[in-house]
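S.K.: Here's the letter readout for the chains.
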Amino acid sequence: MTAVLIRFSRRLAIWEPGRTPDEIQQSEFRKKDGTVDLRPSVYEIQLRDIVQAFAEHATVYTPPASTAGIDVAGLGRGAESTPGHPGFAFIRAAHRELPLRNADDLFDLIRKIVASLTSRKHPVTRAEIVTYAAARLAAKDEEWHRAIMAARHGTWVHKLASAQGSSG
Amino acid sequence: MTTQSIALGWGDAFLLGQGPEAAALANVDRQTLIDRCWARAFPPPFDELRADVAADLTDRWSEPCEAVFEFLAENNPPQLLKLIASNRLRATDLTFAAEIAGRLSDSTPVRRTLLPLLSHADAVVREGAIYGLAAHADQTVRSELARLSASDPSPAVRQAATDTLADL
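Just so you know, the protein sequences line up as chains A and B, in that order.
Position one of the first sequence corresponds to residue 115 (my numbering), numbered consecutively onward.
Position one of the second sequence corresponds to residue 29 (my numbering), numbered consecutively onward.
Hints may contain errors.
[Claimed, not checked] Calculated cross-link-like contacts (lysine-lysine; reagent style DSS-like; alpha-carbon spacing at most 30 Å):
| id | chain 1 | residue 1 | chain 2 | residue 2 |
| --- | --- | --- | --- | --- |
| 1 | A | K146 | B | K110 |
| 2 | A | K254 | A | K273 |
| 3 | A | K226 | B | K110 |
The hints are simulated quantities; they were obtained by calculation from the structure and are not laboratory data.
So here's chain A without its partners, still in its complex pose (with noise of 0.2 Å):
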């Protein structure tokens, strides 16, 4: 099976017809302090893998919501291999950044996702992210153990762990 490199949505509905690449730019590649995000993260995973390495990517996220992954493989940029989130070794391997020399060659990598953006969303949703973690807990998973002590309280993380009662 062939790998893709996801790039997870922050907002589902920047995807929905009609949008410029300019929004889609500020909703999806820009950094926090405003400037244009030219390395980008992304997961090379397995396409079947991706509600795991969503789930885990959103332990740090509230509420936990649906996404959609973004395939961004095979439009002639390559992926560095950059650490991802420390406390699950699936992401930690699987993050890779995408190095765009400018501005302009990030809006022509977003005119090519439009243009073939069928193929390339993947939605995940929160019932499979939410699924996937409440059977880890009860596997009695360390790295989600872990990450639930790591996380802000109230998290949905939280939630899930004291409603299964595995949060002590």
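Keeping the supplied structure of chain A fixed, place chain B upon it in accordance with the hints.
M.R.: Quick look at chain B alone, frame taken from chain A:
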């Protein structure tokens, strides 16, 4: 050998000096700084904010971005809500400002500011407002989420509302 910088506040004895003249001079300096803030012209949308806050932001960032919203959430929540309510942020900024406003502890002003955004024309903004309201849900918010879940024209917004309701 390294030099350690020392942060001084207006009330520091060193800055104020030991005598009444030194204290008077320090107060003149302070008033001059405040007057300069008020006299400065700030780029939109920072010109919506109190002059000292706008000066603080403009010195750090050139445009609205997540770092700005997080800074305001941490240091001046009412000004973050004012910026959101000003209706002068781009949709791709407003969506993240709304989500970050969800971290504030006082639910009443958060709901007052974010509830109108659930009817915003741009689906990206409605999606961000849903995430922002997730931690502040009262009966009104639940009703609005149920409405969006059932009938919003954007599949992304319907999904976000459904996810959030499931997490409440």
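S.K.: Now, for every hint given, state plainly whether the structure supports it.
M.R.: So, going through the hints one by one against the coordinates:
1. In summary, the hint linking K146 of chain A to K110 of chain B is supported, as the alpha carbons are separated by about 20 Å, within the 30 Å threshold.
2. Restraint check for K254 of chain A and K273 of chain A: satisfied, since their Cα atoms lie roughly 16 Å apart, inside the 30 Å limit.
3. Annotation: proposed proximity of K226 of chain A to K110 of chain B is violated, straight-line Cα distance about 38 Å (limit 30 Å).
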